[in-house]
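> Spelled out, the chains give:
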Amino acid sequence: MHSLIQLSIVVLLLPLLSFVILIFFNKRLPRRGDFVGVGILGTAFAISFYMFWTVVVQTYDPAFRLAWDFTWIDFGNVPNVGPLKIKMGILIDNITVIMLAMVTLISFLVHLYSTGYMAGDKHYGRFFAYLGIFTFSMLGIVLSDNLFSIYIFWELVGLSSYLLIGFFFEKQSATDAQKKAFLTNRVGDIGMWLGILILYSQFHTFSYSEIFENLAAGKFTMSYGWLTAAGILLFMGCVGKSAQLPLHIWLPDAMEGPTPVSALIHAATMVAAGVYFVARIFVLLTPDALHVIAFCGALTAFMAATIAITQNDIKRVLAYSTVSQLGYMVLGLGVGAYSAALFHLLTHAFFKACLFLGSGAIIHAMHHEQDMRWMGGLRKHMPWTFATFTFATLALAGLPLTSGFMSKDAILASAIGFAHVEGGGIFYVIPFLGFLSAMMTAFYMGRQIWLVFFGESRTHLKPAEEHHGHDAHAAHGGHDAHGNDDHGHGHDEHHGVHEVAWNMRAPLVILASLSVFAVFSPDPLDGAKGWFMHMVQTPQTVVGRYGAEHPKAEAPVAAPLMAEAAQTGASATMTDATAAPAPAAAGEHAEAAEGPVFTDERQMELAHGAHAAHYTAIIISSIMVVIGISLALIVYAFRFIDPERTSVAIRPLYLFSFNKWYWDEMYDATVIRFSMMTAKMLSWFDAKVVDGIVNGVAIMTRNFAFANGSFDKYVVDGLVNFTAFFVNTTGAVLRKLQTGKVQTYVVLALLAVFGYFVYYFTRLIY
Amino acid sequence: MEYLTTIGLNHYLTISAFLLAFGLFAVMTRKNAIVILMGVELILNAANINFLAFSKFNGGMGGVMFSLFVIVLAAAEAAIALAIVINIFKLFRTVDVSSIDTMKE
Amino acid sequence: MLSLIVFLPIIAGLIILAVPSSQKQMIRVVSLVAALVQIVLAIVIWRGYDPSLAGIIAAPGGSPAGSFQFIERVPWISIDLGTFGKLNIEYFLGVDGISISMVILTALISAIGVLSSWPIQKQVKGYFILYNLLASAMMGCFVALDFFLFYVFWEIMLLPMYFLIGMWGGPNREYAAIKFFLYTLFGSVFMLLVMIGLYFSVIDPVTHNHTFSLVAMASQENYIKDAILGPNNVFWRYVAFIVLFVGFAIKVPMFPFHTWLPDAHVEAPTPISVILAGVLLKLGTYGMMRINFPLFPEVFQASLYVIGVFGAINIIYGAFCALAQQDLKKMVAYSSISHMGYVLLGLSAANSEGMLGALYQMFNHGTITAMLFLLVGVIYDRAHTRQIDKFGGLASYMPVYVGIVTVAWFASLGLPGLSGFISEAFVFVGAFSSETTRNIAIVSVLGIVFGAAYLLWSLQRMFLGTRKPDAAYDLEVGSDGHEHIHFHDWKGKLDLDGRELAMLVPLAVIIIILGIYPMPVIGLLTTSINKLVTVLSPVVLTSMN
Amino acid sequence: MSNPAYTVIFYLFAAITVISAAFVVFSRNVIYSAFSLLFTFFGAAALYVFLSADFIAVTQVVVYVGGILVLLLFGVMFTNSIMQTELKTDVLNMLPGTVLLVGILGAILYTFYSTHSWIPSTTPLQGSIVERVGFETMSGYVLPFEMASILLLAALIGAAFLARFDKPGNNEK
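Chains as they are written, first to last, in this note's numbering: chain X, 1 to 766; chain A, 1001 to 1105; chain B, 2001 to 2545; chain W, 3001 to 3173.
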């Protein structure tokens, strides 16, 4: 066993240890055992960072790969299959190591942060336990080398998410949200499970590498449609976990959980697991499946962005922005920008965690006020939070010099290239929606910054009734027991608002500093020059040969088509036509050749397309971001346009966005109502019809017996009554025999014997 | 005369028939439970004589063994039956079986 | 060894017979000791079992007992029937991979049931005698290899069950007991006919007599070609298969023969529910695997799709019905129906993964559902109601209880890391891998979602949130300033007491361990399952004819 | 078997048996019945000797005369007060009883004597059978033998239990 494998097992099991210790002993440990959680996660991070250092910095090999497995279940010699073993194992490659470091780092920071944020909570110790099991499951997903174990950890993160969303389980809304999250995820999971089943039924293995080998060897005997279906179904797992359309509804509600949880699970790590998983199975996705994924991502990104514009809850805005950003990543994978999508995953994890923790700090400071309408002017009171929050916002919006800029542009560039390669038309919708969402992202984040940090405090504007209601609610939730004495008053002034303590500030600073471009690439404009893009390169597809039946892949050699694509681009209405001339594409050709050399034509084209569109994307997205921020400034800072009046003017649109496109209502009206009605109906059917039949049969039998009895009584007995007199008299005589004296009976018995003798002798005589 | 002087199977069977008939008569007609028991003993003896007679003229041991067990069982039966009779006596203060007709109900 | 484990409870019952009925504690202790010894014996059998021997059938020309283990074989009843030949009934016990897990499960659940019977105060002596009789009969059913013996145990089981439900049950107990009795009797009467038919169709290869030995019956070459259930008599073989299947399906219980189950569960006292769900239901599917399928493999092959469809109906129908229930115990009962559907689905897959999943699901369902019913019993003892609406917010006041509830509930909904998941997963794997049942598997997957739905919903309504205004308990502020709840006439400990922990914790530990590393159980089964699949496979059938 | 003495003795014992049996049945006095039963048993025992069953004869004397008869006498003593003159027993079913007595006796005797096909074995039992009884008991009849012993034990306990002396206060139990 390689030492890195051993280390990774240690890293995997450490959080589990933390969970076990804390769930059983948190009440017996000093400080409810928070130091255990923090300490263990710190250790785990240190080990992960060592692994990261070894692999990324020292080895620096794109093809780095370590695998180890053991037999988990031994099926013996299975008929028709041969010896069958279900293996579990660990797969370590570059992306694993990066994810490992990222997850443990953010988890560690969130643990640290929680010691401040959750202080004084009734179930303080249990909170750290739950964080521990979450981290364990998440690391499990990252380290899995097969579909079965990833499914196991997949559901386990679902469980920890369930537990953490419902952490304030006394709140009705929290329990609703946790149930919704679990069930929605389950819907996605069954899709994923079916996808796994399709692959297993073909190859009788769950292991990635074996499945890929078999696929590449052309051993998939079902139709091409099934292969596409497998890809899409596996992607459904991602749809659920990464909150893509149409299963995104749980994520905003999941903000009922404590804010550190939102940062860790519902922004940085767990929701990104979906993207990670799709990246893992990327090579078996057929072009058709990729199209579905790309459209799903683009629509999600757009939809979530439109919703985020009108939300008032600070965490909800961030939640929808998370959905939107996840849409980007999925879009990126769909258009073949494997490394760009994962890059965005990483950068997004840092700045979104920073944003959530920042919002947590604000909420903490504002005494659990989450509505942005009643905030304002916080920059003076909370300079650290302000600075980090703003920088993370810039990264999210995608301004140059931030990490978000590089990753987002890489995705958008690939989207443009993809649209070219696929032949334009409907496929231009994808980059179009991407850019539009970029603009809206800039807008709503600008709005948020402005509403929260600038202007004057608007706390006093809050309607009194609602205020008290909220307060009572918070008190009920049991998380108002923080250390501040001046907690329950001073709502009118900001004298309760102050900067948070160091244990909450430090994570913000660390995360914000990790959003600087220099961490990832020396060139602020091109992430491809950085270490990440070098270490994480698009893998060779294994389903190319199946695509042979697929018309799209019947492309000739790459170069002519490149030119063709460029020409199509030139004639298209897109503004990038001039910015991406054919020679430029040719010039990039050499650079692209440094990356992986694809045997699959389509992948090659996509890689080239992405390169070709690089600067186009930068320019367009920069413009979009500037527009977005300017709009935000115009509306909220300079107040050239009154948001209130505008919202009235475009009321239907506003309501559509404000009510989240009515997804919840739709599901309520269809799926949930349908399920409940079916349940009631079937239950009625069971009680009345099925059981009714059973009881009916019983009653029928009984009635038949009664009827029989009646027949007997009236008809047969009628006949019998005719002889009743005779019987009666005989009975009267015979009754005398019933004396109760044994000896009479003996006499009778002997009479019978004697009678038999007589009969016998008469027989003898005659 | 030859028939009377040579003791054969029928002689024994006749004796046993008499014992059986007397036993049955006692069981049928006597009111005293003890006498009924005596009748039962007579019946058993009749059976024993039959067994032994057949056994003798058949040459096997089955009848002998059977009669042995009959005696054993008779002993047990007598003990239990007497115990029951005594119980009946305690309950009804009589051993007159004709007055014990609760089975009638 | 097997005789000992089978008859140990009866011996305990006889001892109890001699104990005066006023010595309640003594009676309980005797039962408990017997149950614990049974567990020890089960462990001894488990350790002594050689998983490399397959069992299932006897190889042609080999030992008439096949590769079964712990065999006990003595002629039992042998009557000359004149022209019909001789009636040969053997006392024939043995275990193979199919029964070994069930033996362990039965021992375990019996012991848990005894612990759970502790609070019963009404006619303790009679109760425990019947209970021990039931425990013996169940164990006997799982190890009997003679059809007649199996039938005898099967029928013996009915009677104590009837009385246990009918005398110690809830308000509507007579109705439930009679329903249970009639349903099961209906099934077993037909089983008797098939059994006799089989007897006259099968020849023991060694003695050349007719035989009731299931081992001999499982080998198709032992059949007389033209006998009533011989290979040439296709029509009657189908009829026999269906009749036998219905007999077992009633026990499973399979839609539409399931309606006795919710009634029986709701009325039965907690330990009897535990036994009923934990062991008795398994007898249905065990009977299928042991008797129904190997004896009629070609009919089994022809009816895979139908069995699968019924499995799917069970899964989804049960889940929907559970979703609509207001009574917690009824919900759990319907969840049982749903989960037994997985077993049927796995069997219909007719491949190793599916069959193994089904068998493992039987084991896991035994432990998990036992736990669910125990937990329902715990809350019913306290509140005297099981209406889901009458609770709320229990998590704040009974943290240990709710913690274990969470484990059980999540195990039931198939959370990975807990044993139920693995079995359900392999059922699906198997069902999907088989061309025949692929579509059914796709539809049945919905059961996972609805299973989660009703469990989570009940979890939320009963244990999370806050106390409802019309809850079955009062809220009061204790001397330490904290809020407590108080059940109206409950004198015991509010949270779980030692006895309750003693029954729940071992189950929870087993569920978790088998969820992480299932080989201790699965390792026992694989060889037999593979053999069974081979025996049932169409290739073997064609080569045989 | 044509030894006249033998024949005479046989008839003597036969007469004792039958007559004393008749006396048992027809006597109205229970005590007389009991004592004449003694003679019946003795007579029967003697007949057993004629049937080469000497062991049975001895058993008959020991068990019946020594055991059962004493038991019966005890029963008589227990249930009838000696002081009373009520030792006579009443009769019932006299008419059917007599008819059946005659009828059944006649029927059986008719059957015996009308059966001409008794074929005695060529090797009837001869001499003492004690050894053979012992052998059979320990070989072929060992199970019934054991069963009989258990039965006797049960009967012993049962009889003791049934006839035990109850205190008046204990009747509710």
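Derived by calculation from the structure, the hints in this document are not laboratory data. From a predicted model like this one, the values you see are computed outputs, not experimental measurements. Mixed in with the good hints there might be a few duds.
What the hints assert, rightly or not - Here are some chain B residues the structure puts well away from chain X; computed CB gaps all over 12 Å:
| id | residue |
| --- | --- |
| 1 | Y2049 |
| 2 | N2233 |
| 3 | S2303 |
| 4 | S2352 |
| 5 | G2403 |
| 6 | V2429 |
What the hints assert, rightly or not - Cross-link-like lysine-lysine pairs, in silico, BS3-like; alpha carbons within 25 Å at most:
| id | chain 1 | residue 1 | chain 2 | residue 2 |
| --- | --- | --- | --- | --- |
| 7 | A | K1031 | X | K219 |
| 8 | A | K1090 | X | K741 |
| 9 | X | K680 | B | K2390 |
| 10 | X | K122 | B | K2468 |
| 11 | X | K27 | B | K2024 |
Even for Gly, the Cβ is constructed at its ideal location relative to N, Cα and C.
> Take the hints in turn and mark each one as holding or not.
Structure-based check of each hint:
B/Y2049, annotated as away from the interface, keeps every beta carbon of chain X farther than 12 Å; the closest lies near 15 Å. Non-interface status of B/N2233 relative to chain X is upheld: no Cβ of that chain comes within 12 Å, the nearest being about 28 Å off. The beta carbon of B/S2303 is kept farther than 12 Å from every beta carbon of chain X, the shortest such distance being approximately 20 Å. For B/S2352, the condition that its CB be more than 12 Å from all CB atoms of chain X is violated, with the nearest at approximately 4 Å.
The claim that B/G2403 lies off the interface is violated: its Cβ sits roughly 8 Å from the closest Cβ of chain X, which falls inside the 12 Å cut-off. The claim that B/V2429 is not at the interface with chain X is violated, since a C-beta of that chain comes within 12 Å of its own (minimum 6 Å). At most 25 Å may separate the alpha-carbon atoms for a hinted pair to count; A/K1031 and X/K219 exceed this at roughly 100 Å. Only pairs whose Cα atoms come within 25 Å are accepted, and A/K1090 paired with X/K741 is accepted, the gap being roughly 19 Å.
Using a Cα cut-off of 25 Å, the hinted pair X/K680 and B/K2390 holds, with the two alpha carbons roughly 20 Å apart. Restraint check for X/K122 and B/K2468: the C-alpha separation of about 21 Å stays at or below 25 Å, so the hint holds. Among the hinted pairs, X/K27 with B/K2024 is inconsistent with the structure: their alpha-carbon atoms are about 39 Å apart, more than 25 Å.
In summary, the numbered hints that this structure violates are 4, 5, 6, 7, 11.
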